[in-house]
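Novice: Below, each chain spelled out in residue letters.
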Amino acid sequence: MDLSLLLTDVPTLLFVIVAVPAVLGAYIVGGEFLVRRLPDRARGSVRPWIWVVPALVFVTAFLVAPAVGTVFTSFQSHEGGWIGLTNYQRQLTDFPTGGAWIAIRNNLYWLVLYTLFVLFFGLLLAVLFDRVPYESVVKSLIFMPMAISAVALGVIWKFMFWYQPADAPQTGTLNAIVVNVFHQAPKTWLTDVSVNNFALIAAAIWGITGFSMVILSAALKGIPADLLEAARVDGAGEITIFRRVIFPLMMPTVVVVGTTLVIFALKAFDIVYVMTAGNFGTDVLANRMYKLLYQADNPGGASAVAIILLIAVIPVLIFNLRQFRAVEARR
Amino acid sequence: MSSVSYDHVVKRYTSDLTVVKDFNVEIADKEFMVLVGPSGCGKSTALRMLAGLETITEGEIRIGDKVVNHLAAKDRDIAMVFQSYALYPHMSVYDNMAFPLQMKKMKKSEIDKRVKQASGILGLDNFLKRKPKALSGGQRQRVALGRAIVRNPKVFLLDEPLSNLDAKLRGQTRVELQKLHRDLETTFIYVTHDQVEAMTMGDRIAIMNAGILQQVGAPGEIYDHPANLFVAGFIGSPSMNLVPVTTQNGNAKAPGFDIKLPKPVSAEKGILGFRPEALTDRVADDGATLEMKVEVVERLGSDQFLYGTVGGEMVTARVDPRMKVAPGDQARLGLDLRGIHLFDAETEKALL
Ligand SMILES: Nc1ncnc2c1ncn2[C@@H]1O[C@H](COP(=O)(O)OP(=O)(O)OP(=O)(O)O)[C@@H](O)[C@H]1O
Ligand SMILES: [Mg+2]
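Going down the list, the sequences are from chains A and B. Taking the numbering used here, the leading residue of the first sequence gets 1, the next gets one more, and so forth. Taking the numbering used here, the leading residue of the second sequence gets 1001, the next gets one more, and so forth.
Hint data in this document are derived by calculation from the structure and do not stem from the laboratory. Be aware that a few hints might be false.
[Said to hold, decoys possible] For lysine-lysine, the following DSBU-like pairs were computed, each having C-alpha atoms within a straight-line distance of at most 30 angstroms:
id, chain 1, residue 1, chain 2, residue 2
1, B, Lys1021, B, Lys1269
2, B, Lys1179, B, Lys1108
3, B, Lys1030, B, Lys1154
4, B, Lys1066, B, Lys1021
5, B, Lys1074, B, Lys1104
6, B, Lys1066, B, Lys1179
7, B, Lys1074, B, Lys1021
8, B, Lys1179, A, Lys221
9, A, Lys221, B, Lys1131
10, A, Lys221, B, Lys1074
11, A, Lys221, B, Lys1133
12, B, Lys1129, B, Lys1104
13, B, Lys1030, B, Lys1133
14, B, Lys1293, B, Lys1021
15, B, Lys1104, A, Lys221
Note that the structure is predicted; figures quoted are calculated from it, not measured.
Can you build the whole structure from these sequences, using the hints too?
Specialist: Structure, rendered in structure tokens:
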């Protein structure tokens, strides 16, 4: 390997390997030195802050500050003048097809369908695979799509949904089945507005189900076997056992996976970008934000969409935190 | 309320791993049967086959006169108390006890009546709303019992239910379980590796070792007439003295003694067994005497145990607490010939 490249920017190199550790070290030693000077009582309450402050600084610098900046931008025109809520007004105009409404509707589709199906399939596969031989092999297979980048996944599914005119041989897997097995006309999966959103969501579900299955499966394995045996002796059938014992015990995990999926659904971007670029009524908020910023040169509009997205995520976050606390309290 | 019978039952996991071998027991209706044996001998497996949690490789298990080999656990109408208690952690104590009744689709009012009744018997009235996490080990154990008794099951299975309790609570619960058995008038099958529990609780005891049933009988009968060397050594605390002997002309000889057997036996090499309480400081005129080299003296107030050797073999004696003896002494002790056992050295079966 040619390491000379590293030497082309010696000041940066020095900064990274000498200055950063030195500053951190000095901070820790200095902080501890100051804490030791404090009266005994104050020490306990001050010391945690010494350790937390660096993290707070980084989060503020790279997350909070840009977010505040985005809020400002969303109230400004392209030239920088204050224009109040105009950017938001433009995004939320002409319900149900104008502004960002299509994207909002599609995000709702994603939110509901993606979350529910991924949870459902994940749970189903976790429970079923718990009972098959070679479980780990089968589970690895299902988990595999997680290793594919979202872009590659989009490309794969684009080929799966490929359309050829009715008289040409169908190279897309789905249309080949539609034509050869069901003897129907091929469908334009990605441009037909009645199905294309669901086609995209299906591809995304395929990609993420392994994640949900693995986590739910771990939760399932965490349930002591003798609880299930006790339920069996108590006269419960397998479905009742799932409903009354297994599922309630997995609930905290289901909620964590569920809220994570909700956030994924709200942030959906890559698959849409690769497969349809948000055309044919498949736009989502993240993609719209991207288009407004880089293609339409409309930072105010993009920022307004970003804030709308942020506002949509906040309730989920609060719920997640509450749930987390409730689970902790139940322990 | 039902009898249970194991008929040539075998449990095999793989062709060379058989954990229960040709198991035959008849357990009468309303009997308290204790299944006892050392750890890993297959007691739990035998019990779990009856509960329907383990398949039966060979043979038949009957509850009443119905063969249950292929009946699902949920349809066997059996209640089981697990060693870990296996309480449902997300349900309150009330719901834990109500669960089996809800499975029977019982009416709410009837469920309520039965749960209240059971919680009254077990002293759980104040804990009904709590989750199992917020209970002590003893209270959890009661909930596990409660969940079993609300059902009025045909058979009541308990797999080492006391092993997680401290010694005092274990003693108390032992008594309460016996009382419960009397009140419920149900067949109890109780698994334990503790021979004291077995001796004090069972109407009858079934002793297992390495997957094989050794002896079935009432506690006193097993104590007085162990069928083989394993049972002799397993039951009783401190355990029975076992000394290798050669037998000739109706006498048993070993380096330290030579005693007359109550009846002649055919085998030449045997193992003489006698419990510590048969070896005392009272020397009867017609009884045998042994010279014991005392090594340890243990005074328990009501009893005095001497540990030492007779002709090179380790032996324990139980003598009067007033007897003056110190480690290093040579003590002359009397052996009560009514309390001796002889086992064949080859087959380990009882000969007397
Ligand atoms: N699923 C299994 N596969 C193979 N062997 C098993 C299995 N379950 C139990 N065993 C073996 O069967 C034997 C009997 O087990 P069991 O649980 O019945 O013992 P136990 O008498 O109840 O012991 P303990 O007093 O320790 O509970 C053990 O040697 C155990 O290793
Ligand atoms: Mg066991």
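Novice: So, against the hints stated earlier in the document, which numbers end up violated here?
Specialist: 8, 13 and 14
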